[in-house]
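Those protein sequences? They're chains A and B, same order as listed.
Heads up, the first sequence is in the numbering used here, so the first residue is 1 and it goes up one at a time.
Heads up, the second sequence is in the numbering used here, so the first residue is 1 and it goes up one at a time.
One should not assume that every hint holds.
In silico SDA-like cross-links for lysine to any residue, where the CA-CA straight-line distance does not exceed 25 angstroms [unchecked claim]: (1) K391(A) <-> P25(B); (2) K85(B) <-> Y134(A); (3) K85(B) <-> E181(A); (4) K119(B) <-> L136(B); (5) K85(B) <-> E163(A).
To be clear, the hints were calculated from the coordinates, so they are not data collected in a lab.
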Amino acid sequence: MPKLTVDGIEVEVPGGATVLQACEAAGAEIPRFCYHERLSIAGNCRMCLVEMEKSPKPVASCAMPAADGQVIHTKSEKVKRAREGVMEFLLINHPLDCPICDQGGECDLQDQAMAYGRGANRYEENKRAVTEKYMGPLIKTVMTRCIHCTRCVRFAEEVAGVEEIGAIGRGESMQITSYLERAVTSEVSGNVIDLCPVGALTSKPYAFQARPWELKKTDSIDVMDAIGSNIVVGSRGAAVLRVTPRINDDVNEEWLADKSRFAIDGLAERRLDTPWVRVGGKLQKASWAEAFQAIAAGLKGLSGAEIAGVVGDLCAVEDMVAFKDLLAGLGTTRIECRQDGALFDAGEPAGWLFGTGLAAAETADAILLIGTNPRHEAALLNVRLRKAVKKGGAKAFSIGPDVDLSFPLTQLGDDAALLADLPAAVVEAFAGAQRPMILVGMGALKTPGLYEAARAAATRLNVVRDGWNGFNLVHTAAARAGALRLGLAVDGGINALMGDAGVKALFLLGADEVNVQAGRFTVYVGTHGDRGVAHADVILPAAAYTEKAGIHVNMEGRVQRALKATQPPGDAREDWTIMRALSSVLGVKLPYDDLIALRARIATEWPDLATDGLIARTATLSAVTAPPLRGPLHHIYSNYQLTNPIARASPTMAACVSSLLAPESREAAE
Amino acid sequence: MTDFSDFSWTAENAAEAQRLIGLYPPGRQASAIMPLLWLAQYQMRDETGVAWLPVPVIEFVAAQIGMPYIRAYEVASFYTMYNLKPIGRFHVQVCGTTPCMLRGSDDVMKACKDKGLKKYGTTDDGLFTLTEVECLGACANAPMVQINDENYEDLTYDSMTAILDMLARGEMPKVGSQIGRTASCPDGGPTTLTDMV
Numbered sequence: 001m002p003k004l005t006v007d008g009i010e011v012e013v014p015g016g017a018t019v020l021q022a023c024e025a026a027g028a029e030i031p032r033f034c035y036h037e038r039l040s041i042a043g044n045c046r047m048c049l050v051e052m053e054k055s056p057k058p059v060a061s062c063a064m065p066a067a068d069g070q071v072i073h074t075k076s077e078k079v080k081r082a083r084e085g086v087m088e089f090l091l092i093n094h095p096l097d098c099p100i101c102d103q104g105g106e107c108d109l110q111d112q113a114m115a116y117g118r119g120a121n122r123y124e125e126n127k128r129a130v131t132e133k134y135m136g137p138l139i140k141t142v143m144t145r146c147i148h149c150t151r152c153v154r155f156a157e158e159v160a161g162v163e164e165i166g167a168i169g170r171g172e173s174m175q176i177t178s179y180l181e182r183a184v185t186s187e188v189s190g191n192v193i194d195l196c197p198v199g200a201l202t203s204k205p206y207a208f209q210a211r212p213w214e215l216k217k218t219d220s221i222d223v224m225d226a227i228g229s230n231i232v233v234g235s236r237g238a239a240v241l242r243v244t245p246r247i248n249d250d251v252n253e254e255w256l257a258d259k260s261r262f263a264i265d266g267l268a269e270r271r272l273d274t275p276w277v278r279v280g281g282k283l284q285k286a287s288w289a290e291a292f293q294a295i296a297a298g299l300k301g302l303s304g305a306e307i308a309g310v311v312g313d314l315c316a317v318e319d320m321v322a323f324k325d326l327l328a329g330l331g332t333t334r335i336e337c338r339q340d341g342a343l344f345d346a347g348e349p350a351g352w353l354f355g356t357g358l359a360a361a362e363t364a365d366a367i368l369l370i371g372t373n374p375r376h377e378a379a380l381l382n383v384r385l386r387k388a389v390k391k392g393g394a395k396a397f398s399i400g401p402d403v404d405l406s407f408p409l410t411q412l413g414d415d416a417a418l419l420a421d422l423p424a425a426v427v428e429a430f431a432g433a434q435r436p437m438i439l440v441g442m443g444a445l446k447t448p449g450l451y452e453a454a455r456a457a458a459t460r461l462n463v464v465r466d467g468w469n470g471f472n473l474v475h476t477a478a479a480r481a482g483a484l485r486l487g488l489a490v491d492g493g494i495n496a497l498m499g500d501a502g503v504k505a506l507f508l509l510g511a512d513e514v515n516v517q518a519g520r521f522t523v524y525v526g527t528h529g530d531r532g533v534a535h536a537d538v539i540l541p542a543a544a545y546t547e548k549a550g551i552h553v554n555m556e557g558r559v560q561r562a563l564k565a566t567q568p569p570g571d572a573r574e575d576w577t578i579m580r581a582l583s584s585v586l587g588v589k590l591p592y593d594d595l596i597a598l599r600a601r602i603a604t605e606w607p608d609l610a611t612d613g614l615i616a617r618t619a620t621l622s623a624v625t626a627p628p629l630r631g632p633l634h635h636i637y638s639n640y641q642l643t644n645p646i647a648r649a650s651p652t653m654a655a656c657v658s659s660l661l662a663p664e665s666r667e668a669a670e
Numbered sequence: 001m002t003d004f005s006d007f008s009w010t011a012e013n014a015a016e017a018q019r020l021i022g023l024y025p026p027g028r029q030a031s032a033i034m035p036l037l038w039l040a041q042y043q044m045r046d047e048t049g050v051a052w053l054p055v056p057v058i059e060f061v062a063a064q065i066g067m068p069y070i071r072a073y074e075v076a077s078f079y080t081m082y083n084l085k086p087i088g089r090f091h092v093q094v095c096g097t098t099p100c101m102l103r104g105s106d107d108v109m110k111a112c113k114d115k116g117l118k119k120y121g122t123t124d125d126g127l128f129t130l131t132e133v134e135c136l137g138a139c140a141n142a143p144m145v146q147i148n149d150e151n152y153e154d155l156t157y158d159s160m161t162a163i164l165d166m167l168a169r170g171e172m173p174k175v176g177s178q179i180g181r182t183a184s185c186p187d188g189g190p191t192t193l194t195d196m197v
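Model the full structure from these sequences, guided by the hints.
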């Protein structure tokens with residue numbers, strides 16, 4: 001615990017801390033470009049120079065370990081001059097194109113030039129110009145603006161695990177580029193946009209859309225995967241223009257997956273903005289009253305046993321509670337949320353949660369993946385697993401199709417029989433492990449009996465023990481954990497429900513991943529003209545995740561609240577208000593008229609859903625018997641991009657797919 | 001060999017590559033990147049007559065030591081000794097750093113240009129590629145140039161022109177000092193400790 005003095009204030013910092021951290025602890029502001037808390041120390045921008053007594057020259061505080069008795073000055077004349085000098089050098093080649101630069105207004109260089117610069121430039125030579133580099137359809141580059149902080153290079157190498165960005169050349173000719181200017185193949189590549197302290201790397205879809213001060217910023221929760229990333233929705237009027245991450249060390253640290261960041265242009269495409277009713281086999285625009293009458297007519301004479309519901313992947317808890325209450329009023333509790341066909345025990349949360357927790361996953365020391373590709377299914381979980389393997393030295397194994405997870409992984413093959421007869425290497429690694437994890441993917445869980453086999457393997461490998469729960473389901477749907485907590489699951493899963501000829505009427509709440517056959521009276525409540533509307537008899541337009549306040553439960557069972565950023569388009573309404581209005585028409589009026597009353601209703605039955613934090617779960621798993629299994633396991637997604645109605649409507653996601661399918665035809669993708 | 005994607009070591013170089021990799025402790029094979037690239041560039045010279053490193057060759061070397069391609073490419077692009085573009089038969093590297101400049105490297109450069117060499121370009125006959133480089137460590141005998149693997153020192157406009165002419169005719173000019181100095185002993189004979197000699 002070194003003690004040092006910063007500007008006359010004595011501070012004590014943990015061993016291994018740097019002088020920069022000590023200065024921050026003492027309340028001194030240190031300008032910096034290359035230093036970043038979550039990346040390794042580069043020490044190449046020199047902006048963080050401070051004066052250290054007994055040192056003849058100013059020292060780079062980010063790279064200087066704090067030591068006992070150091071006396072640091074951050075406000076002296078020498079420091080001021082040093083910073084001015086560094087800033088002048090940085091600006092020698094940086095273009096003065098702030099008025100046409102997308103970083104303008106949130107640019108570290110701009111801010112720090114104002115605060116620490118000389119205000120005038122003595123350099124009269126021509127500035128250096130650097131050609132743009134292609135980095136794929138997500139990242140726009142203006143490399144003349146680059147100040148070579150190498151944050152993007154370090155992020156790609158250390159966090160994303162794709163060593164595809166580098167600095168080529170040297171001296172004045174040094175340039176940052178992706179390897180041979182190919183698109184960066186990471187699912188978290190968009191974070192380099194946030195990391196870039198200047199306007200060299202900016203968002204390609206967001207280019208020239210808005211200035212940061214024009215945007216209304218709303219705290220929200222992402223629904224593109226089941227991580228529950230904390231986000232800020234930047235909107236102007238009705239349009240969501242961008243999504244950026246909020247720091248939450250328990251969930252997404254300060255990163256965001258590319259789909260969460262870039263699929264938002266799908267919010268403005270293919271939207272349902274008015275109710276539709278099928279008349280004589282053709283869909284026709286209708287008013288809300290006409291649509292509700294059509295539903296009442298369609299349900300006429302049907303008993304509760306003939307009605308069923310499916311909830312989709314992006315719903316908020318409020319929507320699902322109102323949906324459940326409406327269908328309960330109609331006499332049925334047959335609602336299913338596992339529309340991907342996954343089969344598992346939906347009862348006790350410990351049996352279906354991501355039990356270890358996202359933050360704890362990076363401390364695991366033995367990892368067994370069963371039919372899951374976390375890179376596609378939960379990109380930020382993969383970042384955590386990578387940390388466990390690369391920093392913690394965890395041993396990782398995978399049963400399932402071969403997969404590149406950007407960290408060393410022993411591929412055991414895709415035969416489900418391996419679960420009952422685990423290779424000696426796995427047994428050995430788990431026997432010596434303190435914090436072992438089993439991760440089961442939704443794709444694998446489509447195989448009947450696989451869940452039981454995974455539970456049995458969890459028991460045999462002793463992954464659930466005192467103070468540690470190593471049994472995890474890798475959910476892909478943001479709504480899934482919340483829906484399961486509400487008990488929206490039926491025996492036999494979605495296939496039993498869809499295959500039951502006794503079901504005459506089907507309600508789909510944003511359910512687009514399920515195959516609906518014609519022949520049933522089908523009501524679709526949702527946001528996009530996607531798969532779910534294909535056979536719908538009545539379509540009710542609803543609000544997307546940015547257009548409503550809602551409670552979301554992520555895969556580890558963390559309850560988080562999103563705020564409403566924009567209005568739904570046209571006649572679309574928030575889902576729970578649709579349920580409430582429809583309930584009056586159907587004569588089963590729901591007892592809540594506003595969100596506060598609805599949340600009070602939730603709090604009475606599921607108090608853990610009404611408070612932020614983790615939902616209740618047991619600490620142990622009961623033993624189960626596993627049937628013999630054979631046959632290959634599959635991943636749930638064949639690609640990362642097109643996994644939900646918003647992403648499928650997104651031109652940016654479509655551009656990503658085409659650039660990956662045909663990396664050579666990049667002109668077409670741009 | 002068309003796009004060089006089928007590049008692989010000759011038997012002799014394969015053994016040399018193994019020796020170079022073996023110089024470093026296990027897990028640190030990436031340290032061998034520089035000698036391996038150098039070796040590959042020589043093999044390219046022997047096989048194609050042009051000493052350079054096409055991308056597939058860099059990738060071949062990177063793959064051998066388990067290094068991401070971009071990291072190997074960073075190294076190859078950092079050092080001027082690796083040629084990422086095909087060069088002429090003679091790579092004329094003129095030192096323009098201070099000692100050479102003070103002793104007349106401008107004349108040497110002019111001699112090259114008068115012979116039709118262009119900086120960072122190759123002559124039409126494919127013989128000469130001219131680059132200006134930083135200090136090559138022969139300051140005592142400045143000004144100097146390095147042509148392929150040989151140093152030519154104590155140059156003047158005339159001697160540089162003569163060297164280029166000889167090379168163009170296929171002759172081998174005298175290597176080292178062009179004014180008869182041995183190594184870097186004083187110009188015109190010893191000036192100190194003369195009594196002892």
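Checked hints:
1. K391(A) <-> P25(B): holds (21 angstroms)
2. K85(B) <-> Y134(A): holds (21 angstroms)
3. K85(B) <-> E181(A): holds (17 angstroms)
4. K119(B) <-> L136(B): holds (18 angstroms)
5. K85(B) <-> E163(A): holds (24 angstroms)
Comparing the model with each numbered hint stated earlier shows that all of them hold.
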